[in-house]
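Peer 1: Residue-level listing of the chains:
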Amino acid sequence: MSALTAAEISHLRKSLRRHPTETEFQMVAAQWSEHCSYKSSRKYISQLPISRTRIGLNSGFDAGLIEIGNDLVLTVRIESHNHPSAIEPYGGAATGVGGVVRDILSAGTRPIALMNGLRFGDINGNNPKVNQHTRWLLRNVVRGISDYGNCIGVPTIGGELEFDKSFDNYCLVDVLCIGLSKTSEIIPNIADTEDLIFLLGGSTGRDGIHGAAFASAGLIREDRSAVQIPDPFLKKILIEAILEATEKGYIKAMKDLGGGGLACCLSETSHSLGKGFDIDLSRVILREEGMTPTEILISESQERMFLIVGRENRESLEKIFVKYEIGYSIIGKVCSGHNIKIRHHSKVIADIPSQIVACAPLLNRRSAHPSYLRKKAATKVHLPKNLGPILIDLLGRPNLCNRSWIYEQYDSEVGLRTVLRPGEGDSSILRLVNGKYLAMSMDGNCRRCYLDPYQGTLGCLSEAVRNVICSGASPVGLVDHLQFGSPENPEVFWTFQQSVAAIKDYCDALKLPVIGGKVSFYNEKNDSPIKPSPVIGAIGVGDNLENIGKARLSPRCHIFVIGFTKEELGGSEYYLSFHKSESGKVPRLDFAEDKRNALAVSNLIASGVVKGVHDCSKGGIAIALAESAINGNTGFDIDISLASNTCDRIDSLMFSESNSRYVVTTERPKELSEILTNCKSRIHCRKIGHASDSAANDTVRYRKGNQILVNLELEKLRLAYNNSLENMLNDVGI
Amino acid sequence: MRKIGVVVFPGTNCERDVFHVLSDVLHIETEYIWHDRQDMDGFAGLVLPGGFSYGDRLRAGVIAAHSPIIYQVKKMAKDGVPVLGICNGFQILIESGLLPGALVKNERLNFVCKWIDAKVKNTTTPFTKLFQKNQKIRMPVAHGEGRYVADGLTIKKLRQKNQIVLSFLNENPNGSAESIAAICNPEGNVVGMMPHPERASEGVLSPVADSIDGSTIFRSLMHYLGESYST
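Heads up: the protein sequence lines correspond to chains A and B, in order.
When we follow the numbering used here, the leftmost residue of the first sequence carries the number 1, and every step to the right adds one.
When we follow the numbering used here, the leftmost residue of the second sequence carries the number 1, and every step to the right adds one.
Hints listed in this document are in silico derivations from the structure and should not be mistaken for laboratory results.
Glycine included, every Cβ here is placed at the ideal spot set by N, Cα and C.
Please note that a few of the clues may not be correct.
Non-contacting residues of chain B with respect to chain A, defined by C-beta distances greater than 10 Å in every case (computed) [stated by the list, open to error]:
#1 G97
#2 V149
#3 E187
#4 L205
EDC-like, lysine to aspartate or glutamate: derived pairs with alpha carbons at most 20 Å apart [claimed, not checked]:
#5 A:K319 / B:D210
#6 A:K323 / B:E171
#7 A:K436 / B:D210
#8 A:K39 / A:E268
#9 A:K680 / A:D590
#10 B:K114 / A:E667
#11 A:K375 / A:E582
#12 B:K161 / B:E178
#13 A:K323 / B:D36
#14 A:K436 / B:E171
#15 B:K114 / B:E171
#16 A:K436 / B:D24
#17 A:K375 / A:E567
#18 A:K323 / B:E31
#19 B:K114 / A:E424
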């Protein structure tokens, strides 16, 4: 599998002024794959505002860093493992977790939390074979994440899940990891001539050969040998050993071995440190006989770390590795110059400037407005008579229903930081120190992004930030994971450009930095691209754990809706599930209103007047209220027509997914109104009803004036919401 | 008061949590015991915390149960030193023969992490003496192999000798026989439990109205040790 094009080969020869050796050629092929080089996307993502930390730490790390005060640094990294998970879901998902944890560890920070974003094809659609395959993928992806994350003792604190036809027989598995460290203990990322190079952890085998190249093409054949093998136990002791060495200051620079294996690790590290390396491949510990030098270089065997260590610390470091019984070898040393010199025993098989390997020639991809969009602009659907059954049906839909079957398989509490567990609030919350806490949310919406990648991506950004706001925290940064089909398809590439433009505009408007990101192209099955699937993670920091918002309705509370509801049902769950319509106008983001409402809700939460808060997203106000009622085991009576809106129809008002809206509940309505009146700008906030007095035999009632739209026992909603995912999964025993 | 030892094997992952609660929350002198340590003098009690010792290879807890430190743990248990095994620690105590029966894969075959209700059935152990008999308590579980099984005779003996310490209430999350959540040896000084008391020891981390029943387990131990010193 040669990933290099004729133009790239000629570029390589010109830069080298000679023919590359076989080994050099393979190193370059791994590094210049789309997966490692970002050759299609770099021009665009480099326009995003990155975070600037006070200590200027943001270079040379795989993870993004952000300082949060109290001498603490957070590291954040998001990664996907889509191709491997699609063919070997257990190992693919598990090694996806493993890879992102290594990135966090590379900065010398302790991984303290994991989240995941999962996307699958139909699970209850018309094709039983697809449904069955989705069940198999979902069960094994979850088991892979659960077995790996639980074993390494890092809590999985939340995530998100979406089903859509465009992922049939495929899946997206995104993993986000957060690390924490003292500022002073961050790995300095420096190297001096004669420093030693350690390869630590797992032995090197043939698994994952050409993994990066495999991920840089559409999924055509099922090449299971390109999937790496997970070993969470080894990862756990690797974490402890490395953090012990980091605390003592023994490690000068560190990098994990991921896509492209040792080849990419060597070229990227040598290039970022500005130093040359002298490596002897015969010193790499192998687990298979007869591996060629090239195979050793590009193997993606898991659980390996690359360390640069001063000679004076060699013995102390080796003592730590012996204590933890971890395999290691010294594979070479740092030298002057900028070349990577690779020997196998005494024979030199590569001697190439790292800059040539690390800096792939960037591509100019063509883009074109997708032709499918011409047919998606408007849509007309009938007005249903009875909204009750629709509400029940929506609550049980795969994209809305309760996810406890998944998150109960994840240890969400190890580490004693988890304040809000999955399902308890709009974000997951971890306590830090001195009363400070971290709020995290991950969001995506491929259907909206399909109909309008620019507005769709804005919607994901707004939702992720809204979720952080709901927890009472202030957003401090974003991470983005941009997942698309082949960049060689101009229509796909256009959707990518739109998505990046949205992130840039949103960050500029809300003055938020992008802490980290990742691009994943070639998400295709049989030449059919997935829907554009940017996934956004928002990170917030709060300092008063007393006031964290829970998505839960309490008895006797007054219910308010903040924000404006418009006829914006394109890509909504209601249109797709009930009307089977995948077109229409998607919600448009008003930056000023988004910011205004976020600030207002933050003020309300900080004042302590808020009892419960939930953002309105998939399923609209109707679903946001139903979820709050189920979580709080409390019914309500509301007049939905009281909410600020410009909707022509009542079903739109119930189920529209307009941005920037919140459901806020309080026991002190007067105080809440006063706070909002004192806001500088006008906030659309209306009281729409109240929660019931007690929790027994409760009902939920949606009215339009005096006309009752929905009147249902809460228990009915609960049953529909709670049991669906498990029922769908149990449909066929696998 | 003398110190409490927290025994750590490669792959243990709740040791820092237990250490934090004992040391920072309850202010008990606490020390880690790495699994190859020889000298075990001066420990008034031991905790074997949860995690995945040796990656659960072969069977949860079985490799750790055959490591040399377990001889010392057994000796101390025989001398009446209170020993608490939590989750993987419970699995290790069972695999080492300090407690009877077996812990097998959960009935539903999945790992389960959630808060559960339990009933305190034995209030005479060093870890439960501050509870009321039949008190309802809340703690989280997080395990894949926590279903307690034993032959009929063993179960009968457990019941007769008051060795069932905690049993699940309302919902049995793993399918344990008799809804067993924790048991002890006939003497009562060795207790193994699937729930994680260290995760239910601080109000801020509790999902239900600041319930901190887990800390009562550790406070019972402090109380017990206080008493045994004074006599």
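Peer 1: State for each hint whether it applies.
Peer 2: For each hint, the structure was consulted:
{"no.": "1", "hint": "G97", "in the structure": "holds, 24 Å"}
{"no.": "2", "hint": "V149", "in the structure": "holds, 22 Å"}
{"no.": "3", "hint": "E187", "in the structure": "holds, 31 Å"}
{"no.": "4", "hint": "L205", "in the structure": "violated, 6 Å"}
{"no.": "5", "hint": "A:K319 / B:D210", "in the structure": "violated, 44 Å"}
{"no.": "6", "hint": "A:K323 / B:E171", "in the structure": "violated, 42 Å"}
{"no.": "7", "hint": "A:K436 / B:D210", "in the structure": "holds, 18 Å"}
{"no.": "8", "hint": "A:K39 / A:E268", "in the structure": "holds, 15 Å"}
{"no.": "9", "hint": "A:K680 / A:D590", "in the structure": "holds, 18 Å"}
{"no.": "10", "hint": "B:K114 / A:E667", "in the structure": "violated, 30 Å"}
{"no.": "11", "hint": "A:K375 / A:E582", "in the structure": "holds, 10 Å"}
{"no.": "12", "hint": "B:K161 / B:E178", "in the structure": "holds, 15 Å"}
{"no.": "13", "hint": "A:K323 / B:D36", "in the structure": "holds, 9 Å"}
{"no.": "14", "hint": "A:K436 / B:E171", "in the structure": "violated, 35 Å"}
{"no.": "15", "hint": "B:K114 / B:E171", "in the structure": "holds, 11 Å"}
{"no.": "16", "hint": "A:K436 / B:D24", "in the structure": "holds, 18 Å"}
{"no.": "17", "hint": "A:K375 / A:E567", "in the structure": "holds, 19 Å"}
{"no.": "18", "hint": "A:K323 / B:E31", "in the structure": "holds, 18 Å"}
{"no.": "19", "hint": "B:K114 / A:E424", "in the structure": "holds, 12 Å"}
In the structure shown, a violation is registered for the earlier hints numbered 4, 5, 6, 10 and 14, in ascending order.
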